[in-house]
Amino acid sequence: MSSVFSTLTESLIRHRGVLGAMVVGLDDGLIVESTLQIGVNGNAFAALTASLYRKARRSAAAAGFGATGFLELTAEQGRVCTAGGQELVLVVVCESRVNVGMLRVELLRAAEQLP
Amino acid sequence: MRFSVVASWVETPLKQFVDDARVEIAVLMHPNGQVLGQYGFARSVDVMTACALASAIHASSSELGRQLEGQPFSTLHYMGRDRQIFLGSIAAPSGALLLLAVFDRESSLGLVQLFLEEFRARVAVSAPPPVLDGPPVMQENFERDLNRNLAQLFGRA
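Sequences listed follow chains A and B, in order.
Per the working numbering, the first sequence starts with residue 361, numbered consecutively.
Per the working numbering, the second sequence starts with residue 1295, numbered consecutively.
Here chain A stands alone, though its shape is the one from the complex (with noise of 0.2 angstroms):
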């Protein structure tokens, strides 16, 4: 059965070397809804990602610099791209070779249905 996020899942697996998309519960991390290939572990990405995004918040408040729009952690082999809302948040796992431009403007795009 799908949920009324599985669109956004769906439509940001679609982008070429992406491995999963996820809609995780920024104060649980837990999955929402996901869009997963084999072998991606979803539950560990969506409980640490979330963490990591509530800390990159606290963070930029910190600072002064108002709300975060979108964390893009830069791996060796691989990125986690980030954005959310005060409720949820849109995890993207991906390959190096993604075209982040793209999957930035779709995930800030996607980002804007969440509560």
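Do not rely on the hints blindly, as some may be mistaken.
Said to hold, decoys possible - Reference excerpt, derived from the structure (chain A facing chain B, CB under 10 angstroms, subset only): (1) Gly399; (2) Asn403; (3) Ala404; (4) Ser411; (5) Ala427.
To be verified - Now the in silico label distances, taken between C-beta atoms and shown as ranges: (6) A:Gly424 - B:Gln1361: 36 to 44 angstroms; (7) A:Ala420 - B:Leu1358: 38 to 46 angstroms; (8) A:Ala427 - B:Pro1422: 50 to 58 angstroms.
It is worth saying that the hints were derived from the structure and are not from the lab.
From the three backbone atoms N, C-alpha and C, an ideal C-beta is built for every residue, glycine too.
Put chain B on the given structure of chain A with help from the hints.
Below, chain B without anything else, positioned relative to chain A:
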């Protein structure tokens, strides 16, 4: 805040869990309420109370799970306004154990669940094998063992 353990094998897995999951309180115990190790409490009476309550909650929720699904629930989570409680069962070689964790906004249910899995794996490796010819747990021994464990935790053994 310091760690205190009754059995030495508990220290490394429990410390790792506390560091990773960022919980305020963690207590590893037998399902009967006998403590094996703890982080976060400063007084033995608080540990004793927490263990007794966690043991009772586990017994109730296990029975509820049996009634509803034919098997006991393996975890229980309660979300308060500022703090949350998580109670999870751990399969150790010598039998089931319970992990009680209390956390605030520094952590999350997702993180606690994630690192509980790693904790379970570490316990499965480091816990001692079952004692086949060990003495049965008697009422009189239970209270003596409980007091001995608490005294060990708080340096009065």
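Hint by hint, here is what the structure shows:
1. Gly399: 17 angstroms, violated
2. Asn403: 6 angstroms, holds
3. Ala404: 5 angstroms, holds
4. Ser411: Constraint on A:Ser411 satisfied, holds at 6 angstroms.
5. Ala427: Hint violated; A:Ala427 Cβ to chain B Cβ min 18 angstroms, cut 10 angstroms.
6. A:Gly424 - B:Gln1361: 36 to 44 angstroms: 54 angstroms, violated
7. A:Ala420 - B:Leu1358: 38 to 46 angstroms: 43 angstroms, holds
8. A:Ala427 - B:Pro1422: 50 to 58 angstroms: Holds - the Cβ-Cβ distance for A:Ala427 and B:Pro1422, about 51 angstroms, lies within 50 to 58 angstroms.
Checked against the numbered hints listed earlier, the structure breaks hints 1, 5, 6; every other hint is satisfied.
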